[in-house]
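Engineer: Whole structure, please, built from the sequences with the hints as guidance.
2 protein chains.
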Amino acid sequence: MDYVSILGFIAGAMTTGALIPQVIHTWISKSTKDVSLGMYIVFVAGILLWIVYGNLIKSLPIIIVNIVSFCLASTILILKIKYK
Amino acid sequence: MDYVSILGFIAGAMTTGALIPQVIHTWISKSTKDVSLGMYIVFVAGILLWIVYGNLIKSLPIIIVNIVSFCLASTILILKIKYK
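Read top to bottom, the protein sequences are chains W and C. Quick note: the first sequence uses the working numbering, first residue 306, plus one each step. Quick note: the second sequence uses the working numbering, first residue 306, plus one each step.
Because the hints were derived from the structure by calculation, they are not lab data. This structure is a prediction, so every number in the text was calculated from the model and none was measured. In this text, a Cβ means the ideal position worked out from N, Cα and C, and glycines have one as well. Among the hints, a few may not be true.
Heads up, simulated DSBU-like pairs for lysine-lysine below, C-alpha to C-alpha not over 35 angstroms straight-line [stated by the list, open to error]:
| id | chain 1 | residue 1 | chain 2 | residue 2 |
| --- | --- | --- | --- | --- |
| 1 | C | Lys385 | W | Lys335 |
| 2 | C | Lys387 | W | Lys335 |
| 3 | W | Lys385 | W | Lys335 |
| 4 | W | Lys387 | C | Lys335 |
Covered, in the sense of this in silico footprint (three residues per stretch, anywhere, with C-beta under 8 angstroms from a C-beta of chain C), are these stretches of chain W [to be verified]:
| id | region |
| --- | --- |
| 5 | 312-318 |
| 6 | 341-352 |
| 7 | 360-370 |
Structural biologist: Pasting the structure below:
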C-alpha cells in the first residue's frame, strides 16, 4: 500500500474512532436524549454517499473508513429508535 | 464540475452538517460535559490529516468538506477548553 493510502487510513481511524466513545456511552447509558434522530438519519445517509463516492474515485481509505463509520452510526441510530 | 464531485459535496454536506446542531447546542448551553476533550483533539487532528490526504489525491470535495468540518470541530474544542 502506498503512503498516501496509509495517511488516509490514519486520518479515518482518528475521525471515525471519535464515534466509538459515543457508541459505548449510548450502549451503557441507554440514553439517547442528546442525540437527534433526524440528524442521525441524515448522517447515516451521508456516510452511504461517501462509500459510493469512494468507489467512484477508487479511494480504498474512503470506502473502508466509511463502512466502519456506517456500522458505528447505524448502531447509535438503532439504539436511538429502540430507546426513544 | 463533474457529477462525481457533486456527489462528494452532497455526501460531505450531509455528514458535516450533522456537526452543526452540536456546535449550536454547545454555544447556547455553554455545557460541554458530554464532550470528551481527548476525543475532540484526536478528531480535529484527524480532520487536518483528511485535508492533507484530499490534497494528495486531488479531491476537492474532501478538501473543502474537511476545511468546514475543521472550523466546526475547532469551535467546539475552543468552547470545551473555555467552559471546562
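Engineer: Hints the structure violates: just list their numbers, smallest first.
Structural biologist: none
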